[in-house]
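Chemist: With chain A's structure known, arrange chain B on it following the hints.
There are 2 protein chains.
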Amino acid sequence: MKKSLGPRTLAYPTPVWVVGSYDKEGQPNIMTIAWGGICCSQPPCVTVSLRKATYSYGNIMERKAYTVSIPSVRHLREADYAGIYSGRNEDKFAATGLTAVRSALVDAPYVQEFPMVIECRLLQALDLGLHTLFIGEIMDIKADEALLGADGMPDIAGLAPFVFIPTEHAYYQVGEMVGKAFEAGRKEG
Amino acid sequence: MKKSLGPRTLAYPTPVWVVGSYDKEGQPNIMTIAWGGICCSQPPCVTVSLRKATYSYGNIMERKAYTVSIPSVRHLREADYAGIYSGRNEDKFAATGLTAVRSALVDAPYVQEFPMVIECRLLQALDLGLHTLFIGEIMDIKADEALLGADGMPDIAGLAPFVFIPTEHAYYQVGEMVGKAFEAGRKEG
Chain A
1 MKKSLGPRTL
11 AYPTPVWVVG
21 SYDKEGQPNI
31 MTIAWGGICC
41 SQPPCVTVSL
51 RKATYSYGNI
61 MERKAYTVSI
71 PSVRHLREAD
81 YAGIYSGRNE
91 DKFAATGLTA
101 VRSALVDAPY
111 VQEFPMVIEC
121 RLLQALDLGL
131 HTLFIGEIMD
141 IKADEALLGA
151 DGMPDIAGLA
161 PFVFIPTEHA
171 YYQVGEMVGK
181 AFEAGRKEG
Chain B
1 MKKSLGPRTL
11 AYPTPVWVVG
21 SYDKEGQPNI
31 MTIAWGGICC
41 SQPPCVTVSL
51 RKATYSYGNI
61 MERKAYTVSI
71 PSVRHLREAD
81 YAGIYSGRNE
91 DKFAATGLTA
101 VRSALVDAPY
111 VQEFPMVIEC
121 RLLQALDLGL
131 HTLFIGEIMD
141 IKADEALLGA
151 DGMPDIAGLA
161 PFVFIPTEHA
171 YYQVGEMVGK
181 AFEAGRKEG
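Protein sequences, first through last, are from chains A and B.
Okay, so the first sequence: first residue is 1 according to the numbering used here, each after it adds one.
Okay, so the second sequence: first residue is 1 according to the numbering used here, each after it adds one.
This is chain A alone, in the form it adopts within the complex (with noise of 0.2 Å):
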């Protein structure tokens, strides 16, 4: 039997992505969200969405770019301090020890410690009330040369990725392998 919890934003997994931009005066910033994913594989693109309210908006707006850092676990206490506080009003990298590095294919810079980036150019800015959904494509995906296996893929331990459950407002770790995707549910013979 199931229960009516109204309409509300509960879908789970959710990312923990923190999104590099550059402001007015050239000075990065970076701002940790949830409400995103990939959007289209050709051409190769994915979403984030913010509030008009942040620092961040304003700087995508009028860079037409972003990059999107997925932290490991091991960086979980700075990607929530960049979701908590503005840039407007606090510089993230300084504050959090993190590098700002710039990307030679976008105007916005990338966070050189965390284990994967992706370089986006802003295709679309949808407004759709509290927040607007920005469509970037993606102009390259950068991993850790030292977490590349042989298959030129970086390896799951290394990158230690975690998620945002949205009915507890909590972290978790990304655990264990359950199945192969398209073999799992094949029918036999």
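Among these hints, one or two may not hold up.
Here are a few chain B residues that sit away from chain A, every Cβ distance over 12 Å (derived from the structure) [to be verified]: (1) K24; (2) M61; (3) D107.
Using 30 Å as the maximum straight-line C-alpha spacing, the simulated BS3-like pairs for lysine-lysine come out as follows [to be verified]: (4) A/K24 - A/K64; (5) B/K180 - A/K2; (6) B/K3 - A/K64; (7) B/K187 - A/K180; (8) B/K52 - B/K24; (9) B/K64 - B/K3; (10) A/K64 - A/K52; (11) B/K52 - A/K64; (12) A/K24 - B/K187; (13) A/K52 - A/K24; (14) B/K180 - A/K52; (15) A/K180 - B/K52; (16) A/K52 - B/K64; (17) A/K3 - B/K64; (18) B/K2 - A/K64; (19) B/K52 - B/K64; (20) B/K24 - A/K187; (21) A/K2 - B/K187; (22) A/K24 - B/K3; (23) B/K2 - A/K180; (24) B/K2 - A/K24; (25) A/K2 - B/K2; (26) B/K24 - A/K52.
Simulated from the structure, these hints should not be mistaken for laboratory data.
Bear in mind that the values here come from a model prediction, so they are computed numbers and not experimental data.
Just so it is clear, CB atoms sit at the ideal spot from N, CA and C, and this is done for glycine as well.
Modeler: Frame of chain A, contents of chain B only:
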């Protein structure tokens, strides 16, 4: 040192969501997707991206509605199945033994056996290339009554969520809690 992996859809984690829709004849269909996410808090909205070639694409365009049923690891096989085969050739509810429930709020069915479901009315369909981004307003979220705790929220152990990791084409269980959001990164004092 970071290495370029090229412009690809490797962002993680991504959800494993089972999208429900009706076809012209009123036959319920499900399709598993990983390209999606919450995109607005007010009104609460969620995106799912589908290729135009899928059966569900036509259903959603016609019915202007869809549901998202979130499987637990107990339903991994059924969820993977629904992402491999097409509703054009298969009755996926019959094949998996899952039960279609007609939503009372939107013109789409959801999966009774999955612990949490989201009912959406279509707000926008954006053609991005290979995929079309559907933006749906969340009309209600429903969860299994047996999983609800004292706070009225479903218990994470009962939800038993899992995620899709694109770099490995694999499903990973959500493991241990590693921090509280909006707390772990707070400045001290």
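Chemist: Each of the hints needs a verdict: does it hold here or not?
Modeler: Structure-based check of each hint:
1. Every Cβ of chain A is farther than 12 Å from the Cβ of B/K24; the closest lies at roughly 26 Å, confirming the non-interface assignment.
2. The beta carbon of B/M61 is kept farther than 12 Å from every beta carbon of chain A, the shortest such distance being approximately 17 Å.
3. Non-interface call for B/D107 relative to chain A: holds, since the shortest CB-CB distance, roughly 17 Å, exceeds 12 Å.
4. Straight-line distance between C-alpha atoms of A/K24 and A/K64 comes to about 12 Å, which keeps the hinted pair within the 30 Å bound.
5. Our distance criterion of 30 Å between C-alpha atoms is met by B/K180 and A/K2, whose separation comes to about 27 Å.
6. The suggested pairing of B/K3 with A/K64 holds, with an alpha-carbon distance near 24 Å, which does not exceed 30 Å.
7. Taken as a hint, the B/K187 and A/K180 pair is broken in the structure, with Cα atoms around 41 Å apart against an allowance of 30 Å.
8. In summary, the hint linking B/K52 to B/K24 is supported, as the alpha carbons are separated by about 16 Å, within the 30 Å threshold.
9. At most 30 Å may separate the alpha-carbon atoms for a hinted pair to count; B/K64 and B/K3 exceed this at roughly 42 Å.
10. Restraint check for A/K64 and A/K52: the C-alpha separation of about 15 Å stays at or below 30 Å, so the hint holds.
11. Of the pairs offered as hints, the one joining B/K52 and A/K64 holds, with about 28 Å between alpha carbons and a cut-off of 30 Å not exceeded.
12. For the hint pairing A/K24 with B/K187, the CA-to-CA distance comes to about 27 Å; that is within 30 Å, so the pair holds.
13. Proposed proximity of A/K52 and A/K24 is supported: the alpha carbons are some 16 Å apart, at most 30 Å.
14. As the CA atoms of B/K180 and A/K52 are separated by approximately 25 Å, the hinted pair is consistent with the 30 Å bound.
15. As the CA atoms of A/K180 and B/K52 are separated by approximately 25 Å, the hinted pair is consistent with the 30 Å bound.
16. Simply put, A/K52 and B/K64 have alpha-carbon atoms about 28 Å apart, close enough for the 30 Å limit, and the pair holds.
17. With a CA separation close to 24 Å, the supplied pair A/K3 and B/K64 stays within the 30 Å bound.
18. For the given pair, B/K2 sits about 24 Å from A/K64 by alpha-carbon distance, which is consistent with the 30 Å threshold.
19. Distance check on the hinted pair: B/K52 and B/K64 sit about 15 Å apart at the alpha-carbon level, within 30 Å; holds.
20. Pair hint B/K24 plus A/K187 holds up; C-alpha atoms about 27 Å apart against a cutoff of 30 Å.
21. Restraint check: the Cα-Cα separation between A/K2 and B/K187 comes to about 40 Å, which exceeds 30 Å; the hinted pair is violated.
22. Restraint check: the Cα-Cα separation between A/K24 and B/K3 comes to about 29 Å, which is no more than 30 Å; the hinted pair holds.
23. Restraint check for B/K2 and A/K180: the C-alpha separation of about 27 Å stays at or below 30 Å, so the hint holds.
24. Restraint check for B/K2 and A/K24: satisfied, since their Cα atoms lie roughly 27 Å apart, inside the 30 Å limit.
25. Pair hint A/K2 plus B/K2 does not hold up; C-alpha atoms about 47 Å apart against a cutoff of 30 Å.
26. Of the pairs offered as hints, the one joining B/K24 and A/K52 is violated, with about 39 Å between alpha carbons and a cut-off of 30 Å exceeded.
Going down the numbered hints, you'll see the structure goes against 7, 9, 21, 25, 26, while the others check out.
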